[in-house]
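So the sequence lines, in the order shown, correspond to chains A and B. Each residue of the first sequence is one higher than the last, beginning at 91 in the numbering used here. Each residue of the second sequence is one higher than the last, beginning at 91 in the numbering used here.
Among the clues, some could well be false.
Remember, identical chains collapse to one label, so a pair may be satisfied in a single copy or spanning two.
Below, simulated DSSO-like cross-link-like pairs (lysine-lysine); rule was C-alpha separation at most 30 Å, straight line [to be verified]:
1. Lys430 - Lys558
2. Lys162 - Lys558
3. Lys558 - Lys239
4. Lys361 - Lys162
5. Lys415 - Lys430
Hints are computed from structural coordinates only; laboratory data are not their basis. Note that the structure is predicted; figures quoted are calculated from it, not measured.
There are 2 protein chains.
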Amino acid sequence: MSTSDDTPMNGAESLVKTLLDSGLDTCFTNPGTSEMHFVAALDHVPGMRSILVLQEGVATGAADGYFRLAGKPACTLLHLGPGLANGLSNLHNAKKAGSGVVNIVGEHAVSHIELDAPLTSDIEGVAGPVSHWVHTSLSATEVGADAAKAVHAANVAPGQVATLMLPSDTAWNEGGIVAPPIPADPRPAYDEAALESAIAALSGPESLLLLGGAALDEASLKTAGRIAAKTGCALLCEWSNSRLERGVGRVIINRVPYPIDQALKTLEPFKRIVLVGARAPIGFFAYPGKPAILTAPGTEIIDLCKTSQNITSALAGLCDGADAKDTAPANVADAVVPDKPTGPLDPDGIAAVLGRTIPENAIVVDEAITTGRAFFPITAGAPKHTWLNNCGGSIGYGLPVSIGAAVACPDRKVLALVGDGSAMYTIQALWTMAREQLDVTIIIFANRVYKILRGELTNVGVSNAGPKAMDMLSLDRPTLKFVEMARSMGVEATQVTDCEALELAIETGLATQGPYLIEAVL
Amino acid sequence: MSTSDDTPMNGAESLVKTLLDSGLDTCFTNPGTSEMHFVAALDHVPGMRSILVLQEGVATGAADGYFRLAGKPACTLLHLGPGLANGLSNLHNAKKAGSGVVNIVGEHAVSHIELDAPLTSDIEGVAGPVSHWVHTSLSATEVGADAAKAVHAANVAPGQVATLMLPSDTAWNEGGIVAPPIPADPRPAYDEAALESAIAALSGPESLLLLGGAALDEASLKTAGRIAAKTGCALLCEWSNSRLERGVGRVIINRVPYPIDQALKTLEPFKRIVLVGARAPIGFFAYPGKPAILTAPGTEIIDLCKTSQNITSALAGLCDGADAKDTAPANVADAVVPDKPTGPLDPDGIAAVLGRTIPENAIVVDEAITTGRAFFPITAGAPKHTWLNNCGGSIGYGLPVSIGAAVACPDRKVLALVGDGSAMYTIQALWTMAREQLDVTIIIFANRVYKILRGELTNVGVSNAGPKAMDMLSLDRPTLKFVEMARSMGVEATQVTDCEALELAIETGLATQGPYLIEAVL
């Protein structure tokens with residue numbers, strides 16, 4: 091259905107109508123003066139759900155999470171260069187996750203830019219490093235067409251960041267024209283020339299099928315499981331995945347570990363690796379005296395299908411070639427309920443509690459960093475659920491992404507697993523969760539230290555860290571009181587220090603309508 | 091005193107030593123893996139005070155505030171592109187304020203960048219729009235010299251943003267060389283060719299001397315007051331000023347108003363304007379049907395001295411030319427204690443309370459937005475104090491800048507006046523205030539709405555805003571509880587709803603060692 095009609099409209103109205111016609115109906119925003127006509131258009135043009143955030147990093151992270159679950163972009167509405175800048179690090183994460191996002195960024199009126207007012211900045215310059223597509227509208231008549239192009243760019247597989255600057259006069263001037271949607275491009279074909287050698291490479295335990303991106307949906311994993319069963323190859327996925335389907339009845343797939351030594355050890359046995367939707371494994375960081383390429387020297391790597399290409403066809407081609415179509419998939423998860431853990435919280439106990447409590451159809455947003463490394467194996471036999479990772483490494487993604495996931499899937503429970511250090515980058519997200527009454531159960535793992543950095547000090551060769559260095563990695567002075575913080579933003583909360591209380595608290599959170607925060611003190 | 095010696099050192103150590111030798115001794119940081127060698131060097135090289143923040147916007151805002159009071163740059167230490175990105179909007183504000191900042195941004199090891207790891211991004215691209223100087227060190231031997239150049243760039247008048255990327259291998263490799271400080275460039279001369287016409291222009295009430303930047307220190311204002319007394323010209327300063335000295339015995343100077351209609355009315359009488367450290371007045375935003383240039387058509391504008399040029403000489407030249415050296419300055423502030431206000435809080439009542447309570451030598455950080463428009467006139471007769479504005483318009487500057495001011499001036503009281511909407515962009519600053527026990531009394535003006543935008547809706551021509559639009563400007567669902575929020579980060583706090591309680595609370599805050607937050611509910 092088109093919203094187009096013959097009523098005269100301004101540029102902002104043509105923008106909102108075009109976005110709606112192109113299938114976008116959700117906007118995460120923190121607007122300012124230059125965005126007021128877009129804001130006003132929300133009332134004149136019905137259909138756009140607009141969600142207010144207190145800091146723009148929440149908006150861009152929410153758009154990332156929304157895309158991962160909805161499979162289509164949301165838009166953000168941001169105030170000039172600084173508003174975009176506040177959202178930049180979560181756009182970095184979205185870009186690395188392959189999430190489609192349409193940023194609408196207000197700009198001064200065209201005639202005002204040259205005056206270099208206080209808020210004037212090089213917005214296209216700010217947008218460039220995190221955007222696949224950047225454009226500034228030049229007149230009200232062009233805004234609609236520009237918006238359709240932005241949505242088209244955001245929908246390029248697997249999903250792209252498109253940033254459209256809207257000078258305020260192009261928003262308020264009359265003459266807006268609604269543009270028709272531009273059909274999405276089909277995914278490009280995978281590297282069919284490499285199929286034969288890929289099939290040949292997948293043979294026995296020295297061969298690995300490494301998956302990423304859309305290869306981690308339920309059907310693709312099932313195909314991969316058939317291939318593994320038939321060929322004897324191993325299955326792994328990347329450390330960071332935009333969206334991974336897990337739980338009972340699905341094919342279990344483990345991740346290449348983050349810690350460099352574990353990653354090297356995990357990958358060492360493989361002489362042949364076929365990539366489908368994944369990239370060849372590299373270290374998250376460089377470490378002195380350690381390789382950055384994680385595969386053993388001489389490993390044959392066949393890049394069959396990039397994450398932007400037709401992953402379904404690639405897996406079907408492999409499956410046919412291996413004659414595995416009728417083979418029962420390997421590694422299908424049976425239901426496993428871990429024994430009830432007791433006593434003080436530690437990563438293994440927390441993992442067992444999660445394995446016992448993750449509900450059917452849950453969305454797990456994982457930013458638990460060090461505490462979370464134990465979570466993955468023991469939760470494989472939980473009811474069917476979706477697992478989201480941070481693909482760009484910029485911390486502060488967990489709470490915003492949870493907002494987007496909850497908005498996209500109001501009928502699913504979201505479980506946000508977040509380290510205390512990570513939570514504080516975008517803690518303002520709690521307020522939006524309360525405002526929208528989103529069904530998110532948040533567990534903050536309070537070890538009161540940037541624990542990952544304690545390990546990284548050693549990894550990068552610092553052997554004699556002194557008290558000043560350790561102080562820069564410590565969060566215990568003063569203690570962050572997450573229960574009070576949550577309540578100050580309208581989110582009910584509790585603190586737990588042992589496994590039994592954590593399990594009860596998660597059950598309470600899942601039974602609660604709206605957000606609920608659990609501070610788990612380690 | 092040089093820290094240089096013959097001990098072999100790595101790049102990170104040469105960096106810290108060079109920064110110290112160049113006069114920088116304060117670092118605001120949120121480090122990550124790639125910055126661990128810099129962090130370790132803080133212990134090996136004594137003298138650098140390192141202050142941890144929970145979100146990088148706090149670090150960059152703190153550096154801005156530090157420069158305004160210390161008159162020299164601090165450095166920030168930020169984690170890769172996303173860490174810099176989180177600090178970008180307050181760097182925008184610092185750039186517009188003319189504050190010198192040295193950003194040290196970790197980068198992957200040079201060999202790792204090409205692998206496009208999750209955290210890889212175009213850091214120079216991110217830095218560019220907010221930096222006057224950008225450079226990536228290429229080897230450990232060059233880091234020291236690069237650091238000296240960065241400090242030199244940051245010290246270019248009035249102050250610049252310099253961003254140095256430090257690949258982790260240049261930090262951990264041996265071969266660091268401490269570089270000597272590069273002497274700061276003198277300020278360029280003002281436009282001496284324009285002096286004669288500037289002197290001629292300043293005559294009677296139709297002439298205006300418009301000041302900004304360093305022209306707002308006590309001595310410069312006194313000179314300007316002499317010129318005004320002798321010539322009969324008016325004195326005004328820009329709406330946004332990096333640092334303005336005020337209070338009893340100082341020359342009173344009012345600001346060009348922010349609201350466009352008031353600004354036009356204020357400037358309308360002037361036929362001749364001489365600029366010293368200020369720019370010709372323009373609108374903060376463009377508004378349909380209203381001029382962007384705020385001066386009346388045909389006004390003669392003489393740009394005598396830019397904010398980067400020798401302002402002291404320019405004012406001395408004007409004073410000499412006007413033969414005003416022995417004239418008593420006009421507009422010197424007498425001590426005025428406003429009558430004690432009573433009853434519910436409103437902007438006028440709050441302003442009177444401030445006029446009664448601002449202590450001698452206080453630093454007032456003003457991000458009170460709409461509530462704060464009444465504060466300026468009635469506080470002119472308070473004891474001597476310093477007033478800081480947001481020069482870049484990116485909100486969320488107040489709390490971070492207060493940190494920097496308090497760190498620079500441990501013997502002065504800081505009074506942070508912040509709107510509730512503004513406070514939430516960088517609320518994480520409270521934790522650092524508690525951690526460092528900074529003497530900041532924070533007043534949050536809780537009107538529970540982005541009130542400035544309610545006005546701006548009308549200003550940009552929206553006459554029929556509906557409920558969805560109004561909802562995007564509202565902060566009352568749920569109510570933010572600032573007292574609980576402050577306590578959750580270790581800051582003692584209280585809530586007030588009337589003028590008497592506000593006055594008592596400010597007195598309590600000023601008598602408290604360390605931070606104290608007052609939620610003033612309007």
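Of the numbered hints stated earlier in the document, which are not met by this structure? 1, 4 and 5
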